[in-house]
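Assemble the dimeric complex from its two separately framed chains, guided by the hints.
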Amino acid sequence: MSDDHDRFDNFSRRTLMKGGAAGAAMLPMGARAQSMSAGGASATGPSVQRIEVSLDINGQRRDLTIDTRSTLLDVLRHELELTGSKKGCDHGQCGACTVHVDGQRTLSCLTLAAQAEGTKVVTIEGLSDEDNLHPMQRAFVENDAFQCGYCTPGQIMSGVACITEGHAGSDAEIREYMSGNLCRCAAYPNIVAAVKQARTEMGG
Amino acid sequence: MAQDYTPVPASKDNMGKPVARYEALQKVTGAKIYAEDLPVPGRPAYAWMVTSGIAKGRITAIDDTEARAIPGVQLIVTHENVGQLGKLETFANGGLAITEVGPLAGPEVHHDGQPVALIVADTFEAAREASYKLAISYAEESPTATFGDAGATEKALGDINPEYEPIRFNDAEAALANSAHTIDAEYRTPIQHHNPIELFSTTAYWEGGRLVLHEPSQYVWGLKHSAADLMQVDADNVRVKSPFVGGAFGSKGAVTHRTALAALAAKRLGRPVKLVAMRDQGFTHSGHRQETRQSVRLGCDANGRLTGYDHRSWEFTARTTPYYNGGLDKCAAMYAFDAVRTDEYVVQGDRNVPTFMRSPAEVPTIYALEAAMNELAAEAGIDPVEFRKINDTRVNPVNGAPYTSRSLNQCLDAVADSFGWTGRDPRPGSMREGDWLIGWGCSMAMYPTQMGPSTARLIVRRNGSALIEVAAHDVGTGCYTIAAQAAGERLGIDPQRIEVRMGDSRLPPGPISGGSISTASVTSAVANACDRIVEELGLSSDASTDERAAAMAGMSEPEIEVLGRWTPPGMGEDALQAMYDGGVRITGGNMDERTMFAFGAEMVEVRVNERTREIRVPRIHGAFAAGHIMNPRTAHSQYLGGLIWGIGSALHEATEIDHKRARYTNDNIAEYLIPVNADIGEVNIVMVPERDDEINVLGVKGIGELANVGTPAAITDAIWHATGTRIRDLPVRLEKLL
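Just so you know, the protein sequences line up as chains A and B, in that order.
Quick note: the first sequence, position 67, residue 67 per the numbering used here, numbers continuous.
Quick note: the second sequence, position 425, residue 629 per the numbering used here, numbers continuous.
Just so you know, the hints here were simulated from the structure itself, not pulled from any lab data.
Any given hint could be a false lead.
Looking from chain B toward chain A, a few residues come up when the C-beta cut is under 8 angstroms (computed) [said to hold, decoys possible]: (1) Tyr209; (2) Gly234; (3) Gly276; (4) Ala330; (5) Pro400; (6) Ile401; (7) Gly450; (8) Gly845; (9) Ile848; (10) Pro879.
Quick look at which bits of chain B chain A covers, simulated, 3 or more residues with Cβ under 8 angstroms [to be verified]: (11) 472-486; (12) 675-684.
As the structure is a computational prediction, the values presented were derived from the model and not from experiment.
The C-beta atom is built at its ideal place from N, Cα and C for all residues, glycine as well.
Excised from the complex, chain B in its bound form (with noise of 0.2 angstroms):
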């Protein structure tokens, strides 16, 4: 780490404060401020799921005679007894159902890891111990496990999707045909696992014919709305709390079936009943980021102009619920391209339903696009960066919209000055120290500006004090932080004073923790109730924020209370309707009239060992360009957690799935390798100054999801650097350079 490593960075142009963290001080003493730690009334029982055994086939017979002789065990619940639950739908359909195929909904099996019984019990040890004596019997048909299997099925996103549509802007077979270099590379990715340290837990109980659950979430409105329907109770009936979440990543925006079959145990037993998945059924039990294949064929005129830019990509996915990302048209905005061709396709075989995970379209799209980009400016005899800046556009290419702010360029200077690659010799190969070949990498990280609606109760006293409260959420990111100063900043009140509440379906609605939209939509929302709040204090719009502070010390009431909302430019008045409704409504990145995006830029160097193969990543940089920058310390450690999320992304994490049988064979968190604390060397941040008028309120982009994208083409490249060797199946381990 360099000595002058700074975790809290300064503010620069157009940034907020670097404030401490709202619960900081309840993080690092374990104050209660998790899902699964909240205290219930009485004694809770605990359940265990039982998952099935075989990837595909039906259950033939149960028989629970030795499970149920174990002392403690209260319940036993299979699709025989389960009776009848609500129907949800998935999110291609509106909903938030992970899948299709509901909790207990018959003895078929569709995937390894399918939950296929509840036991609770009084005790953990109990519960445990009687789903090791609950005896299942299949009849098992042969599973298909992933892409190249018997039995693998493929569909354009056309046929699921009729509203989809392949890009075909000009002909990218004729550009490709004319261009003075091309490269034709396919390139993989790996399922991964976003494996928060919180494992998926929920705690349910009955108040009456209302249902409390303490579930970790990232839509607690959606969760509310999903559990009724489930339960078939009204919504007003369900109150879902997550004041905290201990890492999502996207794996706790779905609602999975133990939230179901945790709210019927309690139900039935008439007490608190506590279910957690373990880590290993985290693997099955609330999705992934599905395994891809990307060919790529991208061209230049002599001169490093791109022309042609032909990209198909291949998901695998779920048979009885086909999700899927998409995203190349976002790859299609990113540079000048003369013409582009996409196309896009699902794989189908017998798994668990894939689900977002962060950066979901972007992270295997983009280290395609950003991959062939380093390659095609090797062929060329073009510096990357230089390459980048030659292609560099103003507008998507695709429709004509213009970029409402767009820094790359400044970015890939920023990083480049920091990261000195000037010194850079691009011959590969031509780097070493000892027996450790070196080499050099860089790439564009990007992440479309996106929003929801949202709202936000404010309440401001006359004695300086102030109050929030908005049904969003912190999964590590400060939006409790960021929401306090927005309303400080606008109202002239020292943030200390406000108290902020979130993560509980009784207050307001807030959007989904999805995105990256919750700083730019939360904000907007506090933006607004603040605008009230100086009309209702009778000030006009302009007055200063002392003359603010002042009005709120003489007023009249001892308190006033505002309900704050905000709805995205362009999005009709029924999106706000839908979130009250637990609706998922986005809207930003690629638009007919204009293109939102953040951009950065990441440079990095790699080692590798000439005799083992051993693959270091000695230091790495990255420059973001955002907008307006809430709070330069969280935002740091955003960009901090990103860059090595993409460290693991392109080096360590897969999950490793047996052909055979359909089964992950790493299912646990010392197999599935993330990176560790001994992985990582210097980590450098440089926050461009941005403004951006026209995306939202306070001109916020979404940051959450920007860093670890491109990151695996920085460091793919950087191994070629290094060794002259391409690697395009990631993530590169040893074996793949020996």
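Next up, chain A with everything else stripped away, as it sits in the complex (with noise of 0.2 angstroms):
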């Protein structure tokens, strides 16, 4: 009994992850999709496929050869030393690895790097330089919107979205639309707080 509660209960708390959801599916898979299909896991022969591909990261051509397994989480941190994005449950459960894909929202541990290629990603390192912050992230340092800091990129990334989306219109509203990244330390209403400044200072 407990059990189906608990599921229904996931579906209505975390909409926004059927939004990621969505998000990746609408990427391109275009010309990969033969390499990818090209390999196949078999029991006794080698199963990793690399290819080559060219991201656009934080408004920076980046030609890499991956393999086809990798997520866009992974090759960030992995290949690329953007460890701004983290990973909290490779799941796409806690949004701790949110970035903008074509200035979407999207869960970069649920997005395959390949499905990236042809689009521009920005990640929390893109989002401004030090010299001149974003107004979301002034506004998370002025209103402590984070302890411990680790869900706070993800946080950052999917705020801007949510005022973007025009879903940051009341307080409960935002509070649905950032509701698909989890804060342990549970700075939420700072983490609203630090959303409605920046819309006003966005226009949003």
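Below, the structure written as structure tokens:
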């Protein structure tokens, strides 16, 4: 009985996860499909396929040869040393890996790196430079919208998208549309305050 | 949320300035400040822990043919080729190991999720794929999952710890028999997991004979010594780096199997190795809050004065390592009881070993006491706030030791005023709005004031800047910030000109980040360092901060360096040496001469939908008094996080277990429910000024584990007030109200 309830509860509470998965599905697979399907796991032979990709990360072109199975998150962290995006679950449940793909918030742990070819990816490192913080970053500092800070890059990327999507109209709406980003330190009221402050500055 | 919600409150009496966090800029820009993000020399290999698919039995065969065939696989370690690792002691024996069973110690399987192999490959993807292809055969036995399951064995705490003594204060049985009103109830608390958002990771590499570990840690000096013991090298040849920790809550204090496995793999491969326990593996890797049963009998006379209190608790723990929290002695100190009896037991089964989790003893035991207090107040027809005030005490009734300070009544008044408690109709089911049944509940919050030894190296420079170095830890608490404030306030230096270094075992030792001891301990050592500076400058100890600043500006040398150190009063100097050796020494709380606690009071409004039984918490208020508050900004965030943690503890969090196979069934962070933003409404925090000159140099009480204690009792009472139904089994989910 309790399991049924848990499943139901998850769906209603974490509507954002659906958005994240749908966002990933919309990304073009295109020409890569052929080389990706050429591998195929077999019990005896090697199953690793490597492909060349050209990614646009924070406005820079990055040409890489990667494992076809690599997620965008792992490529950011392992290949490009962009470790601002965090791995908190690798299952699209926590939101710590949130980046922007063509301006849409996207869970980079549920996105294959190969899918990101032809898109513009922005991570927390590309949101601003330290001398000129994004209004959302400044609002997070001023409202103490974090403690340990580990979920913060994902919260900030989601917070920016929450406003650009037009989902920051009220406290209740901000809470709902920020609920795909878990914060175990539970800075939630301060995160809502930060999004509201940034909304004013961003003109959202 | 109230329109006037203020994330960063202003200072009140006996509070420091609400300055922004030292590392705030780094945290909002994605800087490399967490252990796994730190650069390593050369391209690392990636390791994957293979964990047992059974909870009890033994490995009969391991076939790694297919796993080795995966391109990129470099190394597979199992119990057959792990070699000889050093042995660590567990907490009960003065060490830091989470379990008595060493890494890959043998073919025996003691719990689900036990690491049974390590696979290391050139890429993360290859290591993961190889883990699926490692064929392990088991001889499986029937495991014991939890309370009530076949094979569970019960022991009194005295059978495990010969120094443990149950409380026999006056005759509780007689006092209960002579009471006008009594409560006799059993309360149940679930398995909970810390689930910090940062996963448990270890990155290891060797530089010649020296081992470097990047591991998120609540005790880098302890981890340094433990890793040295495991790898059988000199502790001076181990360095642990953990500048900032991405949430811990107790889960990054013990030494787990992955440290030695990563260090071993790095040694064999001659390159850096990164090992991350994935979210599901984290559920069996680094402990949890164990499930408990609490049996409480509580009585009062016709005027509401408490008489007898009989509290018995059972904690479920591991067969290999009977970790326990105990803690009923703290419950017994809370009110003016005439007579107290406590008994504590562990029940053992085939489970991974629990560990401390945010207010380990207090969360289950104070929930039971406070729930019983609310039930007894209702039974006696007395308002629960008034009932607590009637039974306030200035001493621990069991040993007569006076409280150094105790502001529970002030907190009750402050929160009642903020919440509007006088508007409460005491009758259950008396308040509603449409389909929503409304209930209000309250509870006490408490946490012992604890401390440990600390050092702090301080360098002050003629140019007005300073440097503080101490191997303390910032798990989100603001430790860097308050260390700079402590020195700045004492020496007249702008905290923004003070560099702080922590989380590195190469620095002078600081205490474990546990038991909410860091602020009290570290600021005391920083204060001692400042006093030494003042002495070196030839000033008297009562020189003003302006005089101190002027003396520094006129120093003959470019800089002065001192090593401050502090050992809590009553603790022997051997405690300092123990910290240098990686040991843990903590004092405070219930002591023979004095009783040291921080207190708070919490009030909550719960709404239960009459048709669906959905439970919401539209508002929660808390008032807290904890001595000198270093920084109202970081303190506010800790209280905020604590109250919300308390909501999760009451309504959301529970790790479910399969009784037949003794495996956790919701070992992910979507099905292990924690509060999300949309679950949280109005949160209001009142900081009640309090001064305590007896506890430590600056009069600081730890607050990180205060606000989440008691919250579940406030919420269950509010649910009773809304519905008339008493739920004594956490968490309260809607099916329990059907």
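Do the hints match the structure? See the list:
no.: 1; hint: Tyr209; in the structure: holds (6 angstroms)
no.: 2; hint: Gly234; in the structure: holds (2 angstroms)
no.: 3; hint: Gly276; in the structure: holds (7 angstroms)
no.: 4; hint: Ala330; in the structure: holds (6 angstroms)
no.: 5; hint: Pro400; in the structure: holds (6 angstroms)
no.: 6; hint: Ile401; in the structure: holds (4 angstroms)
no.: 7; hint: Gly450; in the structure: holds (3 angstroms)
no.: 8; hint: Gly845; in the structure: holds (4 angstroms)
no.: 9; hint: Ile848; in the structure: holds (4 angstroms)
no.: 10; hint: Pro879; in the structure: holds (6 angstroms)
no.: 11; hint: 472-486; in the structure: holds (count 3)
no.: 12; hint: 675-684; in the structure: holds (count 4)
Checked against the numbered hints given earlier, the structure satisfies every one of them.
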